[in-house]
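Chains A and B supply the protein sequences, listed in that same order. Heads up: the first sequence at position 83 corresponds to 83 in the working numbering, and the numbers run straight through without jumps. Heads up: the second sequence at position 110 corresponds to 110 in the working numbering, and the numbers run straight through without jumps.
By construction, these hints were calculated from the structure, which means they are not laboratory data. It is possible that part of the hints are untrue.
Example chain A residues on the side facing chain B (calculated, C-beta under 10 angstroms, incomplete) [as the list claims (entries may be wrong)]:
| # | residue |
| --- | --- |
| 1 | 85 |
| 2 | 116 |
| 3 | 139 |
| 4 | 192 |
Straight-line C-alpha distance at most 30 angstroms; calculated DSS-like pairs for lysine-lysine [claimed, not checked]:
| # | chain 1 | residue 1 | chain 2 | residue 2 |
| --- | --- | --- | --- | --- |
| 5 | B | 270 | B | 49 |
| 6 | B | 49 | A | 292 |
| 7 | A | 113 | B | 23 |
For every residue, glycine included, the Cβ atom is placed at its ideal position computed from N, Cα and C.
Okay, here's what each chain looks like letter by letter:
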Amino acid sequence: MADTDPKKPQDEGNEGGLFTTLKGKVKSPAQLNEELKETKVWKSIFRHKLDDSPRNRSLAVLSNVFLHLHPARINRDAVRYNFTWGMGGITFYLFIILTLTGTLLMFYFHPSKGEAYRDIMFLQYDVPFGNLLRNMHRWAAHAMVITTWLHMLRVFMTGSYKPPREFNWNIGVLLLLFTMLLSFTGYLLPDDQLGFWAVTVGTNMARATPVLGHEGPFGPELGITAFNDVRFALLGGSVVDSNALLRAYIWHCIAIPIIASILMMVHFWRIRKDGAISGPAPVMLEAEAARKK
Amino acid sequence: MTGLQLPYLAEMDWHQLWYMLSKPDNVPIVLLLFMCPFYVWMAFSQARKNDRLIAQLEADPELAKTHHRTIFPYQKGWPKTVQVWPFLLKREFLATVIVTIILIVWSICLDAPLEDPANPNLTMNPSKAPWYFLGLQELLVYFDPWIAGVVLPSIILLGLMAIPYIDVNPRGNGYYTWKQRKFAIGTFLFGFLGLWVSMVIIGTFIRGPGWLWFNPGQTWDHHRVDHQVNRDLHEFFGVDGALPEALFGLGFLIICAGVIGGVTHACMKKMLPEMLKRLSMLQYQVLMQLWILQVLVLVKIVLRLTFTVKNVWVTPWFNI
Ligand code: HEM
């Protein structure tokens, strides 16, 4: 019983022992925590106090580079999932997952005929967690296409493309295009029958581009052949082969991610500049609509 | 006891059906099949509430002055905004956790497909584009590749980009509604669900070897040949010769466009007179052209499926 008496010093009867020597010198975790926040290192990283005040809550968002895309305060109903469905945010999060898993996949992947397919087998059967990695990358990519469509559906259904957000809708349409192209270029990379024929079917349509394709209207008349049309430019050849694999790889891993990232920066910046998220806005009545030009 | 006679179900090839639904790359479209209706319902259930609120406020101008005008609870004295930290960030965090869990479970349970190594000498039958492009591949049935693969996708993108500039209706900016935006929402859903998503689903689940039509659960017959002979529209009318054919097709398209445009214009005049007044000439033209094109695509699809029409407009350089 005596041991649990809080008032009784633990080290009684231990004169000159370890506890007495350290007494007063040992700090409680709470104390340590306080002192940590006074250190130069801490202060150099975190620029604001942590006590719970509206000011500090705002600073938590505004002084953090990852969070400062948010405003400090937003429409109290805009945080509800049933307004935005969280779709834009989920799309962005999937893009981040894809960047991370994609970078890890790149460590194991050679974009050349013969090696590419073996690398995928290697990932599936030998690399620790390689199969999980590949699966996550694949399914996140499919999911991102779906969430982008649904995000567009949401933006349309809430009329959020209306002034002043017309331009951001356009950035969105480009993001839609590049999301699908990102997924499409990745489809070829395992260099299996699925990807090969999907890309063959897909790029065959480019043969028929008017003027620029060798089977398109006015193409042959203008001297376009299978060796100088747009399809040739896309594939780096007249058939889907090693050059096509390399081009798909570079578009997929470098060019399109950069383009999409830039578009996303503009997209997010614009959301802020257009006065944050569009709603849930007060409903407009007929008389007000009539007054509005 | 005769029991229920369900010949269709009895002949169902469940194995084939399961093969289609469970192909790893088709699973996302199975998801889409559920998510699209769910989110459309989600949008409309909020639209219905907003529309009810609007009707109530229109009827009671006094209430309109004091009401906070959204369907969400609000009391005097409550701030109109909340701190992002923690009220938004906690929800964003929760969303990322949920997405991560779903993705990891999905990735553990279902392996990404890997077929045999690419072999240009062994054509896959059917060879399908990735599912999100199957709408375009399905269009190939009805149109030449330069239209299905190049012109229509470009018009879809340009049309989407034009939306904010041709929708002049100031209502429904930032809230769900149906009654205030019937034309816009109807047109968009017709295009998105009626054409795009439907064709993705047809391309994924219905099209089999040779890109032939197989009902769900109908066994894939790799030797089936399509005996259907498609004829150009002018053949139905006995038009012959390059110039008459070209003129006939052009005339047919112009008449179709005129009828669609005329009917639409008349309907707008009757139902949306205010919208017509707001549209500038350029906006009206763009809106009309896009709308007519969308309907014409449907007309061509229906003509092919019901009357086996191959082309409606044949010229020496291109066919439509
Ligand atoms: C890679 C694809 C995309 C990403 C990562 C993305 C991200 C986001 C995010 C995070 C938001 C904030 C609100 C929300 O979560 O809904 C947003 C809003 C918005 N997005 Fe996107 N988006 C993408 C594609 C699109 C597309 C395809 C469109 C339309 C064609 C679009 C149009 C808009 C518009 C107009 C807003 C403002 C909405 C409002 O104020 O209510 N975005 N986007």
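Could you grab the alpha-carbon distance between residue 270 of chain B and residue 49 of chain B and see if it respects the 30 angstroms cut-off? Cα-Cα ~27 angstroms, so holds.
Does residue 49 of chain B pair with residue 292 of chain A here, judged by a C-alpha cut-off of 30 angstroms? Measuring from Cα to Cα gives roughly 24 angstroms; hence the hint holds.
Agreement of hint residue 139 of chain A with chain B interface, Cβ distance less than 10 angstroms: holds (5 angstroms)
Tell me if the interface restraint on residue 192 of chain A is satisfied: Cβ within less than 10 angstroms of some Cβ in chain B. holds (4 angstroms)
Can you confirm whether the C-alpha distance between residue 113 of chain A and residue 23 of chain B stays at or below 30 angstroms? Holds - the C-alpha atoms of residue 23 of chain B and residue 113 of chain A are around 26 angstroms apart, at most 30 angstroms.
Hint validation: residue 85 of chain A versus chain B, beta carbon distance must be below 10 angstroms. Holds or violated? This interface hint holds because 6 angstroms falls under the 10 angstroms limit.
Identify whether the interface hint at residue 116 of chain A stands, where standing means a beta carbon of chain B within less than 10 angstroms of its own. Constraint on residue 116 of chain A satisfied, holds at 9 angstroms.
Going down the numbered hints, you'll see the structure goes against none, and every one checks out.
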